[in-house]
Amino acid sequence: MKETPLSNCERRFLLRAIEEKKRLDGRQTYDYRNIKISFGTDYGCCIVELGKTRVLGQVSCELVSPKLNRATEGILFFNLELSQMAAPAFEPGRQSDLLVKLNRLLERCLRNSKCIDTESLCVVAGEKVWQIRVDLHLLNHDGNIIDAASIAAIVALCHFRRPDVSVQGDEVTLYTLEERDPVPLSIHHMPICVSFAFFQQGTYLLVDPNEREERVMDGLLVIAMNKHREICTIQSSCGIMLLKDQVLRCSKIAGVKVAEITELIQKALENDQKVRKEGGKFGFAESIANQRITAFRMEKAPIDTSDVEEKAEEIISEAEPPSEVVSKPVLWTPGTAQIGEGIENSWGDLEDSEKEDEDEGGSDEAIILDSIKMDTGEVSNIGSQDAPIVLSDSEEEEMIILEPDKNRKKIRTQTISATQVKAPSKKPVKKRKKKRAAN
Amino acid sequence: MAMEMRLPVARKPLSESLGRETKKHLVVPGDTITTDTGFMRGHGTYMGEEKLIASVAGSVERVNKLVCVKALKTRYNGEVGDIVVGRITEVQQKRWKVETNSRLDSVLLLSSMNLPGGELRRRSAEDELAMRGFLQEGDLISAEVQAVFSDGAVSLHTRSLKYGKLGQGVLVQVSPSLVKRQKTHFHDLPCGASVILGNNGFIWIYPTPEHKEEDAGGFTANLEPVSLADREVISRLRNCIVSLATQRMMLYDTSILYCYEASLPHQIKDILKPEIMEEIVMETRQRLLEQEG
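These protein sequence lines are chains Z and G, in that order. Counted from 1, the first sequence has number 294 at position 294 by my numbering; the numbering is strictly sequential. Counted from 1, the second sequence has number 565 at position 126 by my numbering; the numbering is strictly sequential.
Since the hints were derived computationally from the structure, they do not count as laboratory data. Cβ coordinates follow ideal geometry from the N, Cα and C atoms, glycine included. Just so you know, not all the hints are guaranteed correct.
Taking lysine-lysine and the DSSO-like style, the derived pairs with C-alpha atoms no more than 27 Å apart in a straight line are [to be verified]:
1. K504(G) to K490(G)
2. K708(G) to K22(Z)
3. K512(G) to K2(Z)
4. K463(G) to K604(G)
5. K504(G) to K2(Z)
6. K708(G) to K2(Z)
Here are some chain G residues pointing at chain Z (derived, C-beta under 8 Å) [claimed, not checked]:
7. R526
8. E538
9. G577
10. Q730
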């Protein structure tokens, strides 16, 4: 599917917000999104999440014959794929431009920087060398694929263990995983790409653009650096003109960011190492919380609530205090009591039957209400004020059982029967449709 | 700034079976519609194993011997004579590509476009070079479907003065199946705003122009600031349309107007709350039923 075009007002809104130094997700200009690294059960498998952008990296190895002009060096092979689930715009035939650009950048970053010692991958010179293959899959596209992909690649390479090989004279023994522990690759340094997006012809700059920001950006500068502040690759795309000091400033920012990210990677690798050594559980299933594979957890967004309390106090001081609710039950007769205001008695001078009707009417309303707190002590203290009313029990119908509630609530019309009142509060309250005689 | 927060909780929707005499026959892809082989197959069905099976999710419509399934949520399928609201995605040689929420981008040929001034003349090379001056990428237009190509792509024209580039207003995107087919899709609502109900599901709400502009043919964008009262009417209308679409009501001028009137006692931002949305739409439904008979 082709991408739905961004509307003009959305574009203008994003650009205006960037001019005012505001980003849609609340980040600062130089802030990265949260990076989360999780490892699979196999060595060399990892998922890196940069905000919502997700890249899966897998490293594998194979013994092959070396290239003719490089007889003593191993072979490195990088491949980044944009999966169709990453974005609706990614289709099997349509991604060529972006794909070529990302793959090329990744290769330059990792291969030309010589971060992996290829000489150590040689087994028998001229005959057998290790071919290391790094496969990266983009699982979700929310901007800044290249950063996430480079982190995934280097993490997967650091995590990977290749089978141990020993050479005795002419004999080459390849040990399986059971015979000898696999051996890590020899990695000199960790190059990590940092992307800078430029807006309004280079006036404004953002680090780690997300998908919306990428759509409205003018140009992109990618600097691949390691923690020793050595630049491995630098690329500027979309043809914007950058000044010398802008590029220098970006490289300084990149240095800081790369140091942070490298520290994070080291910590993640150490954690995984520790868990495996102690025999604990590891793998993707452990890194997903809540035992639900489909849970897409939202991160807590920091909200500035410094001025919230003042307003609340203003409102509270200006508002009237809530009216006191008196829910003292009134005992009409040893058999009926009433809590709350109740309906005004508009029947005038009631005879017994009429009052019974009124009470029945009241109890019909009471069916809708949920619960009352039974305070047996309080009710029993109240003496009967009215003359006892004899009610016929001929229309007794089925009972609806209620659970007593702890909270006292303000109730409009409610009647409880004497049996409820007399019974201890442990017994569930029965609410009746019709009244029963007290005796 | 006051904020309102609520926890997610499963809500029971109010009963929707008001006033529908016969239950619609709803199917999902793979459902058998009928085993009777005497029917002709329409859209959304296919014949398999002696049965008529649905290929889309929707309601079954039967007209004499023709059985078809009308999909609930679908991309826009063009028909000649429909009014659509679209956004320009590309400017090509002698034509524009317009996005209309259909499977393929629609085409607006330079020769199907009104020239400013309303003149009728042959399009020259200068016109071709000046295309971007008329319509750029990102502009919204209203147009009518002139023809449908064999692959389903739609060819548009703006050969009347009421079509053309749209100025200030609000666009609401709903499913095309919710827009009722009527004689006219341009409505001036008495509440103070005008609305264009595009058949492709794009609905454009804009302030009613005081005087009808006969000359420009819809190319000059009116950029004067819109008054606050008009803006409030437009936002209320927009929220009403969104609530009608959420409750799957058909959208036409009467239903939108009734919904607007039912929403007046509430604040504009409250209309989007689920319970108020249901209340307003129920009231609208009630009034529509009373009006029908």
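Notebook entry, point to check: When the hints from earlier in the document are held up against this structure, which numbers fail?
Noted result: 4, 5, 6, 10
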